[in-house]
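Chemist: Take a look at the letters that make up each chain.
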Amino acid sequence: MSLDPQALFAILAMMGATYLTRVAGFLLPARLDLSPRMQAAFEAIPAAVLVAVIAPSLLATGWRETLASLIAALAATRLPLIGVVLVGVAAIVALRQF
Amino acid sequence: MTVTAPSRTRAAVEFRDGARDILPPLVAAIPIGLVYGAICAAKGMSVLEAALASALVFAGGAQFAATELWASPPPVLALALSTLLINARHVLMGASLKRKARFGAATPFVVFWMADENWALAERRAATRPVTLAYWLGMAAPFYVNWIAWTVVGAGAGALLGDPARFGADFAFTALFIGLVAGFWKGRSTGVTVAAAGVTAALVYRTLGSPWHVLGGAFAGMVAAAATTRGGVR
Chain A
1 MSLDPQALFA ILAMMGATYL TRVAGFLLPA RLDLSPRMQA AFEAIPAAVL VAVIAPSLLA
61 TGWRETLASL IAALAATRLP LIGVVLVGVA AIVALRQF
Chain B
1001 MTVTAPSRTR AAVEFRDGAR DILPPLVAAI PIGLVYGAIC AAKGMSVLEA ALASALVFAG
1061 GAQFAATELW ASPPPVLALA LSTLLINARH VLMGASLKRK ARFGAATPFV VFWMADENWA
1121 LAERRAATRP VTLAYWLGMA APFYVNWIAW TVVGAGAGAL LGDPARFGAD FAFTALFIGL
1181 VAGFWKGRST GVTVAAAGVT AALVYRTLGS PWHVLGGAFA GMVAAAATTR GGVR
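Read top to bottom, the protein sequences are chains A and B. Going by our numbering, the first sequence opens with residue 1, and the numbers climb by one from there. Going by our numbering, the second sequence opens with residue 1001, and the numbers climb by one from there.
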């Protein structure tokens, strides 16, 4: 096992950048007086962030990924989280046979 | 520090709740950690370096992007900048979670473990009760150890694993996130948010490229939610 000093330095730089983003939101003023519109924008953050992260796979990879995503979304209306993952993975494996 | 018996019991229950809730993301992270480790090995990183990246950065998306940029010697500035961009979503996530979390003086330390998955589950928990430190650590501890452990296995096993796409492992992350989004569904307004965020992120991904799609999509979803809300009615 080797640890290259330059690699360690790069990893530490990535750690610093990531920590900054993690703590920054918590450093914003505690009580923001939000208008209803701002409130709606804030409440939309969880779904908006998660969808944005997976959008390349959902919509910009291929029809198989898009279809498997739809199947996973259908599963999500019935199944707990782990079931959604299993159905999604099974769907993509099956679709990739074509 | 003295902890009274009732509060210790409550904390234990909260910790167990966290450990139980994180189980699905934990399982979904197994193939992702394996693949990450294997890519690190292919890029010439040692097992120790891959393990350190998972332990110190602990942000899957940024870690994968870094393997794309990785070279010998590593381009530190480009790596830091790419990491900053990809993880900029954490600022929004933290600003949202701050209003619900009860971490007290431990906040600057425990925010280190904020990842998409445990953050999403904390947001879900916040709908019914405050997010306590014990609950947060109950999610973070197993998820963190799991991520590092499978990175090490992946880096060690390396090429033996073969193409992850054959097992659909590359899709586990997408399916997990779909399940998490479903947990936030509150009717039409969520549909508008999801459509705006998804379409915008896909377009930005195709034009400007990664990692800009994350910020672009997230902001589009927020703007769409704000634009379609009826003033005063919540």
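The hints are simulated quantities; they were obtained by calculation from the structure and are not laboratory data. Since we're looking at a predicted model, the values are computed, not measured. Each hint should be verified, as a subset may be incorrect.
[Unchecked claim] Below, in silico cross-link-like pairs of lysine to aspartate or glutamate (EDC-like), each with a Cα-Cα straight-line distance of 20 angstroms or less:
| id | chain 1 | residue 1 | chain 2 | residue 2 |
| --- | --- | --- | --- | --- |
| 1 | B | K1043 | A | D4 |
| 2 | B | K1043 | B | D1170 |
| 3 | B | K1186 | B | E1068 |
| 4 | B | K1098 | A | D4 |
| 5 | B | K1100 | B | D1170 |
| 6 | B | K1100 | A | D33 |
| 7 | B | K1043 | B | D1017 |
Chemist: When the hints from earlier in the document are held up against this structure, which numbers fail?
Modeler: 3, 4, 5 and 7
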